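Peer 1: As given, the protein sequences belong to chains X and Y, one line each in that order. Counting in the numbering used here, the final residue of the first sequence is number 458, and the numbers go up one at a time with none missing. Counting in the numbering used here, the final residue of the second sequence is number 458, and the numbers go up one at a time with none missing.
Mixed in with the good hints there might be a few duds.
Because identical chains cannot be distinguished in the list, a pair is counted as satisfied if it fits within a single copy or across any two copies.
[To be verified] For lysine-lysine, the following DSS-like pairs were computed, each having C-alpha atoms within a straight-line distance of at most 27 Å:
| no. | residue 1 | residue 2 |
| --- | --- | --- |
| 1 | Lys371 | Lys247 |
| 2 | Lys333 | Lys37 |
| 3 | Lys382 | Lys247 |
| 4 | Lys73 | Lys333 |
| 5 | Lys201 | Lys213 |
| 6 | Lys401 | Lys333 |
| 7 | Lys211 | Lys201 |
If you are wondering where the hints come from, they were derived from the structure by calculation, not from laboratory data. Keep in mind it's a predicted model, so treat the numbers as computed, not measured.
Protein chains: 2
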Amino acid sequence: MIGIFKKEKEMNSACLVSSIILNLLFIINIYMGGQRKLSWSRRAAEEAEAVAAISCSGHGRAYLDGLVVDGNKPVCECNTCFTGPDCSQFIPDCTANAESGDPLFLEPFWMQHLASSALVVAGWHQMSYSYNDKTFISKELEKLIRKVHAIVGNAVTEDRFIVFGAGSTQVLIAAAYALSLENTSSPVGVVASVPYYTLDKLQPEYFNSEKFKFEGDAYTWRNRSDARANMIEFVTSPNNPDGQLKKAVLHGPNVKTIHDHAYYWPHFTPIPAPADEDLMVFTLSKLTGHAGSRFGWAVIKDETVFNRMIAHMELNSMGVSKDSQLRTFKLLKAALEEGTEIFDFAYQTMKTRWERLIETLSLSNRFSLQKIDPQYCTFYNKVREPSPAYAWLKCEREEDKDCNAVLMAANIIGRQGSRFGTEDCYVRLSLIRSQDDFNILMERLNKLVAEEDGAKTM
Amino acid sequence: MIGIFKKEKEMNSACLVSSIILNLLFIINIYMGGQRKLSWSRRAAEEAEAVAAISCSGHGRAYLDGLVVDGNKPVCECNTCFTGPDCSQFIPDCTANAESGDPLFLEPFWMQHLASSALVVAGWHQMSYSYNDKTFISKELEKLIRKVHAIVGNAVTEDRFIVFGAGSTQVLIAAAYALSLENTSSPVGVVASVPYYTLDKLQPEYFNSEKFKFEGDAYTWRNRSDARANMIEFVTSPNNPDGQLKKAVLHGPNVKTIHDHAYYWPHFTPIPAPADEDLMVFTLSKLTGHAGSRFGWAVIKDETVFNRMIAHMELNSMGVSKDSQLRTFKLLKAALEEGTEIFDFAYQTMKTRWERLIETLSLSNRFSLQKIDPQYCTFYNKVREPSPAYAWLKCEREEDKDCNAVLMAANIIGRQGSRFGTEDCYVRLSLIRSQDDFNILMERLNKLVAEEDGAKTM
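Bound conformation, chain X alone (with noise of 0.2 Å):
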């Protein structure tokens, strides 16, 4: 009798502790696990895991307001030469695309840290054209910009005036204008050496003839008795498309420069030394990715010209899209967050095509590449091979005057020489896309090479 109770009791205590025991946890995973409860966020919060959560292969992704084929939810949006609802499908002769600078070699870092570069955006999140000082820029971001240079050393902006603008593209005609004198009689001549940047042309030809007049190469200008009252200068270093670091070409009293330092990060060059120019432009395009967020920034000494822009700006534009800026905000905090890794990943991944594609091309005869020399890095505090962000190609035989066609033949879509106002024996093939992309061009490259005539073999 009292053995039955005994079992009984037994099991009832048993009984007891582990529902004792699960609530417990029940407790830890509420409370330990950072559950606590969100209220207005959660909605979206879920929404856009959701999206994020769609497979695409890892050859593709699903974006928030991405292409909704049928229902609601978003489709998988592949890289070029993959297809299929998860972007599982490879295509197999398609053409390698290395055409654009689309800075896609940086999405996998952006995988890599979802939770510190996250965004939640209020719906009521700053609706004023302006910020509290009445100014269209954030004084927060500009202080986190002026962070980033300091810690990569590429720019002094101590004393600086900083401006914003829609991508380095907005900025370098904003400085353009700038720099143009009010009521000249005669347009301002605008000149860059070759190979030049293919907008430096095209956006004072189209914006104002009477303002600007393209004169192409700086080189033709110098010492030339018929140079023009003013001359401006477009210097990109480093340059787009040959990675060089360029210097000025022209110099004097009526000579203005814009620097273009879009290029001058860790990613794609050795940091010599902080540049302290005039005026230099940057853009968060080639430092963290984002291209189409669409922000940029000058670095200015002269108060005038630094006004003169901001006024250029808002007749523009009125100021840049502050979901931009927060957006800007967001990404370089997370950035430095994390230390230099965003520099050491870009870095890595750009030396590391370079060095693929040095290896293909020393086999061959009929193409040969740009030389850069290795230069000190105080960034890196040595001696540093380069990575730049293009390769400018060149054509070596006689019969191949048309790069870009021979290119195009072996399915390969590079930009040609022309448009960077050279010769078309050139080729620009972009190495910062996608490492899809970067592979299929790869295969290519290798395919043409290995059937040159005359071939070097390893």
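On the provided structure of chain X, position chain Y as indicated by the hints.
Peer 2: Just chain Y, lined up with the frame of chain X:
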């Protein structure tokens, strides 16, 4: 003996039961309470909710990227005339700001719809320059914009092209470039009927004095033999500053018109019929109140004009920030979710403000307001009183030639008539700013009218 076992047994059972109940409660809390675990978005969500929870007494707000004074928590950014760490202190003799058209009157709507309007963005979201279809224009957003126009019935968008820009500011000048023919020997004459929107004069004058020549009031160019070969007329309807539904003044084969319909929403005007002009410009700023997002669009009939505007956007800023496009997408989606609520809220707010203004100024002999006739509104299916965005105030006294100075003396900032191409006996007062700004404006106006010699009494 047995009795003791019984008691113990009962106690144990009691504990067991309550413990099990507790378990069930936890299970319910976790799985019914919608508290599924969030992963990468959680930290950002908590951060955003923490900042949003900072109390600013309803006279200000703290922003995620807002000013940080010390520590790392953003501080309250107060409305005009309020100060203190929580914006609770009123500044007695402060100046009423009725100057700019900052559409903060819609902020309360978004504060009431937090969950539907919140946005969560992944760090890797839309990094590319272009969308998957190689354009700079989000197709899903374009669909949504067409849907909004269809629901409101304020514009025909079927078989029309749509281009995006950084606010109507960038869209308007892009339109002017697109409509000014290339290789014109003489500049295109740009006109607008007085009173006109300030930018219609400033933009053509600034950007390209060879392409455009601002020729002032459109009326002075009717049936004139010396009219330029090509003319562009800006038609802002409802008009900024006076809220009238404007029609084009100039007609004929050499005249192109740009219809600025920024204010053609039920908020501000009856909608007699869907607008169906060749080139119509709209902006998010005056639809949802998000001026800071810098998002505008044009609805275009002619494909050549559309292509020219696309090219302009590319050369000017490589399209519109994808962050701005994503935010617009989320906001319009949220607005549509609530049916016509945003329009009802906006209309009621503007109507109430206009009525309060009329009531005050009806007692005045010194000041008069624009008269706007009621019209049938196809959106509300009834004849509607006006609810304009701006008061177009006139100082009636001979000695009050500088009406802005009169208001300044009464501690009110408006925008003087000359900014709109007319006499300074007119002043524009913005009615779309925050409720605080409007209340203080009314306070100052009441005082001004009350002190008026020979003011009428109720």
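Peer 1: Work down the list of hints and note, for each, if the structure agrees.
Peer 2: Taking the hints in turn, this is what the structure says about them:
no. : hint             : verdict
1   : Lys371 to Lys247 : within (17 Å within a copy, 63 Å between copies)
2   : Lys333 to Lys37  : both (25 Å within a copy, 25 Å between copies)
3   : Lys382 to Lys247 : within (22 Å within a copy, 68 Å between copies)
4   : Lys73 to Lys333  : between (31 Å within a copy, 14 Å between copies)
5   : Lys201 to Lys213 : both (9 Å within a copy, 25 Å between copies)
6   : Lys401 to Lys333 : neither (48 Å within a copy, 53 Å between copies)
7   : Lys211 to Lys201 : both (14 Å within a copy, 19 Å between copies)
In summary, the structure is inconsistent with hint 6 from the numbered list given earlier, while agreeing with all the others.
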